[in-house]
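Protein chains: 2
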Amino acid sequence: MDQINLLLGGPTKNLPPLDDIAGPWIGVDHGNITLLQQHITPMISVGDFDSLTTVERAMMEAQVTDIRYANPIKDWTDSQLALQVALDDCQAQHLTLYGATGARLDHELVNLFLPLDLHNSADMAKLQLVDRQNVIDFYPPGHYQIKRLPQMKYLAFFNLTPVQQLTIQKAKYQLAATDFARPTSLASNEFVGPTVNFSFTQGVVAVIQSCD
Amino acid sequence: MDQINLLLGGPTKNLPPLDDIAGPWIGVDHGNITLLQQHITPMISVGDFDSLTTVERAMMEAQVTDIRYANPIKDWTDSQLALQVALDDCQAQHLTLYGATGARLDHELVNLFLPLDLHNSADMAKLQLVDRQNVIDFYPPGHYQIKRLPQMKYLAFFNLTPVQQLTIQKAKYQLAATDFARPTSLASNEFVGPTVNFSFTQGVVAVIQSCD
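For the protein sequence lines, the chains are A and B, in the order given. Everything in the first sequence is counted per UniProt numbering, starting at 1 for the first residue and increasing by one. Everything in the second sequence is counted per UniProt numbering, starting at 1 for the first residue and increasing by one.
It is possible that some hints are incorrect.
[What the hints assert, rightly or not] If you anchor each label on the Cβ, the simulated ranges turn out as follows:
no.: 1; chain 1: A; residue 1: M152; chain 2: B; residue 2: K147; range: 38 to 48 Å
no.: 2; chain 1: A; residue 1: A58; chain 2: B; residue 2: D88; range: 57 to 67 Å
no.: 3; chain 1: A; residue 1: H143; chain 2: B; residue 2: E61; range: 39 to 49 Å
no.: 4; chain 1: B; residue 1: G23; chain 2: A; residue 2: N197; range: 39 to 49 Å
None of these hints come from the bench; they were simulated from the model. Cβ coordinates follow ideal geometry from the N, Cα and C atoms, glycine included.
Please work from the sequences and hints to get the whole structure.
Okay, structure coming up:
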């Protein structure tokens with residue numbers, strides 16, 4: 001399967017309009033209810049569903065044919081489990097996560113570091129996190145040319161790990177090859193043309209395009 | 001000076017009511033305008049002020065006596081600079097940061113990792129980030145007993161760095177001494193009594209108390 005969207009339980013005010021987004025969808029915990037309320041039936045529901053009321057849970061169980069019940073006392077979060085279902089069972093080539101940001105920071109931080117938890121680290125390039133103000137892509141070491149998203153103004157590089165020889169070219173603020181010993185957010189950069197080039201030799205980098 | 005509050009430029013919808021919070025305040029960039037609109041005059045204003053309109057900037061300059069102009073092309077962010085002003089110039093013993101979370105993730109991540117940028121790492125224990133749904137404290141290695149905040153439900157431990165021998169006791173989910181090789185968010189834990197104990201021997205840990 002090429003593209004799958006995941007809806008997590010983050011605040012609905014941060015979501016772009018879901019009607020405009022082509023499916024299929026995997027609902028994660030309370031994200032399932034948000035989908036059903038918008039008349040979108042998830043292909044798969046994943047979660048311990050402890051945030052659902054009895055009525056909500058019954059509504060979900062009446063409409064969704066493939067439900068994966070997670071153990072609430074566990075090492076993996078619902079979002080980590082949903083990601084592996086999409087990658088392993090559905091063989092998703094591109095995964096967009098909505099509802100992964102905002103509100104509770106502990107959940108948001110789990111989601112931002114999800115790429116580091118994947119069974120196969122090559123899968124990280126398949127992930128994208130999206131909310132109303134941020135689009136986040138994840139990169140293993142290499143050379144990249146990225147395109148400006150028309151609705152976004154700012155560009156940032158967030159090193160999720162120690163990173164070696166990070167180089168940024170053709171951006172408002174260039175960076176000569178630099179090592180970072182720990183997670184660092186290089187915020188508030190900008191495109192000056194349609195593309196920016198960057199490269200690094202070790203670590204994991206998230207690229208964030210955002211707007212105010 | 002014992003307690004100083006910083007107001008950063010994050011979204012105002014995430015802020016607790018500022019009226020209820022005793023000053024003094026340091027305003028950071030657009031946070032100054034939010035303060036002035038609520039009839040709070042910052043003791044110090046810090047920023048490059050590039051997010052302020054001409055009218056807003058004139059309003060600030062007419063009312064604030066101590067303004068520290070930052071260079072917009074710089075290595076330090078406005079929030080990093082404001083933090084050092086509070087710690088070094090004002091000798092603050094406790095610093096609460098509001099408007100540090102939400103909206104643009106690149107800014108939020110800079111703010112979450114601020115403790116690692118301090119000149120003096122012992123100062124990290126003086127910092128606290130607060131929004132409507134999260135209270136975040138930062139800890140160097142040691143043994144701690146933390147108290148449940150009455151309005152919060154969830155407890156999380158976010159390792160900002162590699163962490164050694166993290167142990168959590170008296171919480172809903174206990175943790176025997178465990179090493180973490182990279183930043184990890186241990187989300188959705190809870191208090192079962194009024195206090196939880198934790199300890200670790202190396203690294204930096206953020207403790208997040210949050211509510212839905």
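Tested hints:
1. A:M152 <-> B:K147: 38 to 48 Å: Given a distance of about 41 Å, which is inside 38 to 48 Å, the answer is holds.
2. A:A58 <-> B:D88: 57 to 67 Å: Holds: the Cβ-Cβ distance is about 59 Å, inside 57 to 67 Å.
3. A:H143 <-> B:E61: 39 to 49 Å: Between A:H143 and B:E61, where Cβ atoms are some 46 Å apart, the hint holds.
4. B:G23 <-> A:N197: 39 to 49 Å: 46 Å, holds
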